[in-house]
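> Those sequence lines, one after another, are chains A and B. Quick note on the numbering used here: the first sequence kicks off at 1 and runs consecutively. Quick note on the numbering used here: the second sequence kicks off at 1 and runs consecutively.
Don't take every hint at face value.
Stated by the list, open to error - Lysine to any residue pairs mimicking SDA-like chemistry, simulated, CA-CA at most 20 Å apart:
{"hint": "1", "chain 1": "B", "residue 1": "Lys261", "chain 2": "A", "residue 2": "Gln107"}
{"hint": "2", "chain 1": "A", "residue 1": "Lys194", "chain 2": "A", "residue 2": "Arg213"}
{"hint": "3", "chain 1": "B", "residue 1": "Lys261", "chain 2": "A", "residue 2": "Leu118"}
{"hint": "4", "chain 1": "B", "residue 1": "Lys4", "chain 2": "A", "residue 2": "Ala207"}
{"hint": "5", "chain 1": "B", "residue 1": "Lys4", "chain 2": "A", "residue 2": "Thr112"}
What the hints assert, rightly or not - Chain A regions said to be covered by chain B (calculated; three or more residues, Cβ under 8 Å):
{"hint": "6", "region": "130-138"}
{"hint": "7", "region": "193-206"}
{"hint": "8", "region": "279-288"}
Rather than coming from a laboratory, the hints here were simulated on the basis of the structure. It should be emphasised that the depicted structure is a prediction, and the values quoted were computed from it without experimental measurement. All C-beta atoms in this analysis are idealised placements derived from N, C-alpha and C, irrespective of residue type, glycine included.
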Amino acid sequence: MALSVTRRAGWWTARRRDHLLGYLFIGPQLAGSLLFVFLPLGLVLTYSLNEWNVLADTFTFVGADNYRRLLNDPNMASVLTATGLFSVGLVVLNLALALLLAVLLNQRLRGTTVFRTLFFSPVVVSLVAWTIVWGFLLQNNGGINAILAAAGIEGPNWLRSGSWATVSVIVVQVFKNVGLNMVLFLAALQGVPKDLYEAARLDGASAWTRFRRITLPMISPTVLLTSIITVAGSLQVFAQIAVLTQGGPGTSTTVLVYYLYQQAFQFHHFGYGATLSVLLFVIVLALTLLQWRMRRRWVFHEA
Amino acid sequence: MRRKTLLYGLLCVLCVPFVFPTWWMATSSLKPVSEIFAFPPSLWPGRPTLEAYRQVFELQPFAQQYWNSLYIAAVVTAGTLVVSALAGYAFARIRFRGSNVLFVIVLTGLLIPSEVTIVPLFQLFHGWGLTDTHWPLVLVPMLGAPSVLATFIMRQFFLVLPRELEEAAAVDGLGRFVTFVRIGLPLARPALGAVAIFTFLHSWNLYLEPIVFLSSPEKFTLPQALTQFVDAYGGPMWNVQLAAASMTALPVLVVFVLAQKQFVEGLAHTGLKG
Numbered sequence: 001m002a003l004s005v006t007r008r009a010g011w012w013t014a015r016r017r018d019h020l021l022g023y024l025f026i027g028p029q030l031a032g033s034l035l036f037v038f039l040p041l042g043l044v045l046t047y048s049l050n051e052w053n054v055l056a057d058t059f060t061f062v063g064a065d066n067y068r069r070l071l072n073d074p075n076m077a078s079v080l081t082a083t084g085l086f087s088v089g090l091v092v093l094n095l096a097l098a099l100l101l102a103v104l105l106n107q108r109l110r111g112t113t114v115f116r117t118l119f120f121s122p123v124v125v126s127l128v129a130w131t132i133v134w135g136f137l138l139q140n141n142g143g144i145n146a147i148l149a150a151a152g153i154e155g156p157n158w159l160r161s162g163s164w165a166t167v168s169v170i171v172v173q174v175f176k177n178v179g180l181n182m183v184l185f186l187a188a189l190q191g192v193p194k195d196l197y198e199a200a201r202l203d204g205a206s207a208w209t210r211f212r213r214i215t216l217p218m219i220s221p222t223v224l225l226t227s228i229i230t231v232a233g234s235l236q237v238f239a240q241i242a243v244l245t246q247g248g249p250g251t252s253t254t255v256l257v258y259y260l261y262q263q264a265f266q267f268h269h270f271g272y273g274a275t276l277s278v279l280l281f282v283i284v285l286a287l288t289l290l291q292w293r294m295r296r297r298w299v300f301h302e303a
Numbered sequence: 001m002r003r004k005t006l007l008y009g010l011l012c013v014l015c016v017p018f019v020f021p022t023w024w025m026a027t028s029s030l031k032p033v034s035e036i037f038a039f040p041p042s043l044w045p046g047r048p049t050l051e052a053y054r055q056v057f058e059l060q061p062f063a064q065q066y067w068n069s070l071y072i073a074a075v076v077t078a079g080t081l082v083v084s085a086l087a088g089y090a091f092a093r094i095r096f097r098g099s100n101v102l103f104v105i106v107l108t109g110l111l112i113p114s115e116v117t118i119v120p121l122f123q124l125f126h127g128w129g130l131t132d133t134h135w136p137l138v139l140v141p142m143l144g145a146p147s148v149l150a151t152f153i154m155r156q157f158f159l160v161l162p163r164e165l166e167e168a169a170a171v172d173g174l175g176r177f178v179t180f181v182r183i184g185l186p187l188a189r190p191a192l193g194a195v196a197i198f199t200f201l202h203s204w205n206l207y208l209e210p211i212v213f214l215s216s217p218e219k220f221t222l223p224q225a226l227t228q229f230v231d232a233y234g235g236p237m238w239n240v241q242l243a244a245a246s247m248t249a250l251p252v253l254v255v256f257v258l259a260q261k262q263f264v265e266g267l268a269h270t271g272l273k274g
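Based on the sequences and whatever the hints tell you, model everything.
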């Protein structure tokens, strides 16, 4: 280092060269972020204040019209309910099942790798392929109802009746991705020092107490991480709904992303679609900040 | 002993919803149409046939669509590795003016998924004359929000990587770039592996972007193509859809089972921790 400084004395120092290299290294990522993330974000705000008529190719400033429309949209209550139900159901089920599977796999047991592979396998199955199979299984005359019928139970028409449709989409999505959170939890569980459990056992703490007082606090950073990822992911679920229910029956599974897609790309209401995008952005932002602030209360120590 | 039996029993029951759909997909794709909704359901096709597989290629340019998905995912993965390794290394190792501010700016991109920006992205690419091409499916994941996550992971990895080897290289007179290529990158192999896996899967699964940007069947990617096997009334042709789905899912599953250790542990240990 010192050598190159003396060789290239003057303005072009090693430090400056290092600076330049730093900018060159981050260049593609920074340019990409500006062009494909921040520019579109700025445009989405602009579009939401305008109405874009595709057929006439006119772009007119309409001020807060789109936002007024948002407040008066008769579908909005149903869309937000569906989005909320969907996110809450997905996050709760996903985290609970992931934790259960991780705890089971963390037992001293032969063959856990095989089970781990099986639980994880849907993660690598193409999302639409996975959804199509479940769509097939959940048909009124499909596999699941056939199995239920064989046991003498008449199953509901899973994808065509309001509340069952929501449940079905959630469950399909949970089985698809729970393996990812399971693996993260498993890594966290393996990082909990064994002597803590020994000490607690000597004090006569029950298994449940050990789980609540030792395991949960020790893995709380992972709980936070997985919940942030899962909440953000739950707001982006689109393919499952497009394939399984197309937002129906009625609008019972029309979540915000799907509604946005319909408005912008099926009805060509680009201005209103952009307004719904702004709403989606605000929700993602608010939830992430909220979770991040809650980490002080939840998270036992910062890993 | 009883506890063990109980645990195994529980694990086996819990496995069913994870394994059965894949089994049902593969076996049903081999059934003739008449058997597909037969009651009682059979776990194995009575008269196995490859008719559905033949139809997959007859109804759509499926081989072309398969190639589209494969090469797009490969290009996105390679591009993301380059972009994120460079940026992640610079943010972790090189001290340059404004690096912290720039890092926060880039990281903010994580809060802006492409679902939020899909409307203007469509208009932008439309204006550039690039709709119904594969450019948006390559450029947006490679440089937009998904690559930000990759950059973050690479930065975290380089932050905890001991500096000694790189410092030794600097003493030996190797420049920064050479040090990065010869020493930093080889050490980062586990993180690069994790990034490669999730980037490939992300691109392979993409659905909203293809249906927004693409309109000609020979440009379609697999997820989009799978849903297009419908009869004259718009109802799904189940056996054909399942055959196409099997061809989409099974190769990746086989690769996964062969390399499951790298997949699972790579993602767990370097992927998202720290």
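> Taking each numbered hint in turn, which are not upheld by the structure, reported in ascending numerical order?
7
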